[in-house]
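Asker: Assemble the whole structure, with the sequences as input and the hints as a guide.
The lines below spell out each chain.
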Amino acid sequence: MTQSTNFIDPSVLATLDNLEMRARVIVEGFIAGLHKSPKRGFSVEFTDYRHYIRGDDMRHVDWKLYGRSDKMYIKQYEDETNVRCYILLDSSASMAYASASMSKLDYGRTLASALAYFIMRQRDAVGLITFDDKIKDYIPAKARQVHLIRILRSLHELQAGGQTNSVRPLSELAMTLNQKSLVILISDMLEDEQVTIKTLVQLRAMGNEVIVFHVLDNQELYFNFNESTEFVDMETAETHITSPQAIRNAYLENLQRYLDDCKKKCQSSGVDYCLLDTSQPLDKALASYLSRRTRSS
Amino acid sequence: MGFLTPLFLLGLLAAAIPIAIHMIRRENPPKVMFGTLRFVKQTTKKLILFQQIQQWLLLLMRAALICLLVLAFARPLLFQGGMARLMDAEPRSVAILLDTSLSMRVGERFERAKTEALQVLDGLNAGDEAAVLTFADGTLTVRELSNDIDGLRAFINEMDEPGYDRVRFYPTLQQADDMLAASQHQRRQIVMISDFKASGLDSDALVSDGQSVDQDGWMLAAGTGFLPVDVGDERSSNLSLTDVRSPQQLLENQTDYAVLARVRSTGNVFLDRGNLSLNLRTQAGDDVVTNNAGSIPVQLNERSEAVINLPLNLDATGAFTGELVLSGDDVDLDNRWYFSLDVLPRMRVLVVNGDPSTDWFDDEAHWFVLALQGLENSPFDVTSVTADALTIPQIREHDAVVLLNASLQDNRLLAELKTFVNEGGALLLAPGNRVTASEFNDSFAGVTPATLISSEELATNDYQLIADVDRRHPALRALNVDFGARFQGYWQTAPGSDSDVLMRFDNGSPMLVEAQAGEGRSMLLSSSMDLAWSNFPLQGLYLPFVHEVLTYLIQPPQRERAYLVGDMIDLSSFMSADNTTIELLEPDGAQVQLTRDNPFYQARMPGFVRLEETTLAVNIAAEAASSRRADIDALTDAIINPETTPMVSEQVRTAQLIADIEQPQRLWWWIVLLVMLLLVVEAWVANRTYR
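These protein sequence lines are chains A and B, in that order. Here the working numbering is used: position 283 in the first sequence is 293, and no number is missing along the way. Here the working numbering is used: position 87 in the second sequence is 113, and no number is missing along the way.
These are computed hints drawn from the structure, not numbers from a lab. Check the hints yourself; a few may be wrong.
[Unchecked claim] Taking lysine-lysine and the DSS-like style, the derived pairs with C-alpha atoms no more than 27 Å apart in a straight line are: (1) A:Lys85 - A:Lys144; (2) B:Lys67 - A:Lys274; (3) A:Lys273 - A:Lys294; (4) A:Lys208 - B:Lys67; (5) B:Lys67 - A:Lys273; (6) A:Lys190 - A:Lys294; (7) A:Lys152 - A:Lys190; (8) A:Lys294 - A:Lys208; (9) A:Lys275 - B:Lys67; (10) A:Lys190 - A:Lys144; (11) A:Lys208 - A:Lys274; (12) A:Lys274 - A:Lys190.
Note that the structure is predicted; figures quoted are calculated from it, not measured.
Answerer: Printed below as a string of structure tokens:
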């Protein structure tokens, strides 16, 4: 991976305990400017009319125009909050794995804060859902600056534990979404990835933009162990003793098959997929986010 | 089994070190909390199993390495040397004697013999040693005692077919016995595979009729066994040419020559009839039609043998080859006889009479001519002239000139005579009382073997006898008659420096002197050939003397041309002075070149051996072709030593002692070798195994 000089190495970021500070450092120099939102809201500035559709709020009907034309039109305004973005951060036990200074959870936490900060700087609304096998915290999407503090606090207090169940938070989120949103999932997807991706695809089918940041540790990606080792599963506590050198090739083949499967299924259904190595800077994640936002606008 | 340094065996405890390391490392691998264990678990079980096997293999090899090193340092000893002794199977030494003589060519005998020999080898145990000796007239090839049984088996399989030699058992038996005396094992056995012909025994043989004669008391060494394997006991009907007499020289148009062939039924199935044919060919290979053309029936009837007379009457001169072929039986080996013969023209003799007389009794040449022509089929054509009537053409037209009490006055005649002799003619001088010494010596200088000194005429009652005869000389060796002639007159002579005195009077004076003169020969008889000075013409010696001397002077010395297989033939007499090599063609067409330094050729097969100018006939020795069988039981009884305790030589005892001391200690060499091999394998496996 190309090492960008504009971004700080995760091991250095890990020394910054303040998440806001981390987010500022990361986002600095990355902001590409504001964009024109394609969404129409009900704010101050009028933009257009559209025909009434059953179920529309009657408060927004232009009665004057109804009087003149005998037809009901709905006033449309430019929304002050262009995008509603929900960041879903996996905090299961497996996210606690760290072969270097920064664990996957740390990495995801930093990424989430950077994204939140970045989104907030664009005056978009951002929300946060942290989960393991259940939803640990739910912060609805808002665009106020003080809301960022809440998100960062939640991220700061987040602890890894429990098994992964991404389906539940995603499903609940899907039920609450009443407008097309940007859904960002940060997870290692080591459990039930098939169901997770299936749910993500459903979200995508509902018209939402979906980005998956698949976070894996460098050791998980390259399996550079040497001596015989007893591996303990971080979620199930299952153990397995083996000689890593003997099985390294087979491991990497299995892993690559898994990653290819994830990527293929995501891409085939319009879900953006971005594999992240915790030893690499976060520019790749931000670039991926921006790429999605650019296409959206 | 024991150990020289058993304390080292305590080191076996060190074998626990790799096991302990393995167990410790196995129970305490570092624990790693890991997220993607599912991919670790998906690796194939086969890979894990293989890895575990490698681990266990490494563990075993490392433990074995330590154990083996400890064993090597402990210096193990294997007592009583060798697995064979441990298994209580006393090893033995076996000498296989394989007959490759002529009779083994009959039928399938040789193949059966080889099969028997291979079976003997197959019956050997590990640790046994064997030798193979092939023999015929003597030992031919020897494969010394060896444990390399496969090598011996290959040697037997690749053996050529038997030769044409006769067989003799004892030389090879003695050689095998000597060989076994030096063997390292005390169980010794000689296996003789043969058809056991009686001819294999020496003259005082043990034959099938039960005669048992001790072979000079020789017998095998004590404790050496003898196993005869008879491969010649098949039924066979055989007619043999047991003896053939054929002349080597005969005269043209002479009818009293014949080839005699003795035919005998020698198989164990009696044959009473067969056919005999005689094939004559010229030197160039053309067939010659004789009165014996075609096949002659041979009738044995109730007799054991028949003698067939085949008269020879050839009207042409020259060299011929003859082949006598017997047919009508199963065995062809002894059915052919080869011979070569020369048919010579009559010898032309010119007798010059120096003292002719009308009275035949006193005629100088009467007795001499009578001796030459008195026989019915005389080999001589004689022309008798007086010295005065002698002419130059007469000299040239004859093979020999005989001057009886004659002296020649004509220098042209003398010159012609000398030329005649120098160019290969024969001259016999017999001076008498009509010759003067000075004149004789002057006239025949250069051709006479001796000069005349003076004539001696003894008193009436005095005489000289023939006292010294060179009986090895070709002209005289056939004269096996009374030499009682009395000489009252003779010449005192002085032989030339290159002359040989063949006969002397009893006073030592030379009687018959020979000399080479150019290409020819001359002889001087220092007395007359009539009755004037002696009664020699009236003696029984006279006629054969005259015949032999003239034949010798005229004809070149007869070379032996009949040989037997195995004879060593000296061919130097066939080499001229100019040639240093001679080439010959063997019966099978092989060419052999001999040099003057080594002119000997050993006849190896029956048939004609052709030289440039002559042909030698080679036949199988009668004893080789004989089918008489030896009494195998009698032979066994004669050579088996009643003493059964084997003798062990000092050398063998010393070698055994050294082997007993050293051999058991060498086990550690093999252990160290195994350790090194294991180290290599361990390194290889370890490099392929992950920690």
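Asker: Given the hint that B:Lys67 pairs with A:Lys273, test it: the Cα-Cα distance must not exceed 27 Å.
Answerer: holds (22 Å)
Asker: Holds or violated: are the alpha carbons of A:Lys152 and A:Lys190 at most 27 Å from each other?
Answerer: Answer holds: A:Lys152 to A:Lys190 is near 14 Å, not above 27 Å.
Asker: For the pair we were handed, A:Lys208 and B:Lys67, check the Cα-Cα distance against 27 Å.
Answerer: Holds. A:Lys208 to B:Lys67 sits at ~25 Å (cutoff 27 Å).
Asker: Quick one, are A:Lys273 and A:Lys294 close enough, alpha carbons at most 27 Å?
Answerer: holds (16 Å)
Asker: Do the alpha carbons of A:Lys190 and A:Lys144 lie within 27 Å of each other, as the hint requires?
Answerer: holds (24 Å)
Asker: Tell me if the straight-line CA distance from A:Lys85 to A:Lys144 falls inside 27 Å.
Answerer: violated (41 Å)
Asker: Verify the proposed pairing of A:Lys294 with A:Lys208, using a straight-line Cα cut of 27 Å.
Answerer: Within the cut-off at roughly 24 Å; holds.
Asker: Need the status of pair A:Lys274, A:Lys190: alpha-carbon distance at most 27 Å?
Answerer: holds (24 Å)
Asker: Check whether the Cα positions of B:Lys67 and A:Lys274 lie no farther apart than 27 Å.
Answerer: Holds, at roughly 23 Å.
Asker: Would the pair A:Lys190 and A:Lys294 pass a check requiring their Cα atoms to be no farther apart than 27 Å?
Answerer: Given that 27 Å is the threshold and the Cα spacing comes to 25 Å, the pair holds.
Asker: Given the hint that A:Lys275 pairs with B:Lys67, does the C-alpha gap stay at or below 27 Å?
Answerer: With Cα atoms ~24 Å apart, A:Lys275 and B:Lys67 stay inside 27 Å; holds.
Asker: Take a quick look at whether A:Lys208 and A:Lys274 sit within 27 Å of each other, Cα to Cα.
Answerer: Roughly 12 Å separates the two Cα atoms, so the pair holds.
Checked against the numbered hints above, the structure breaks only hint 1 and satisfies the rest.
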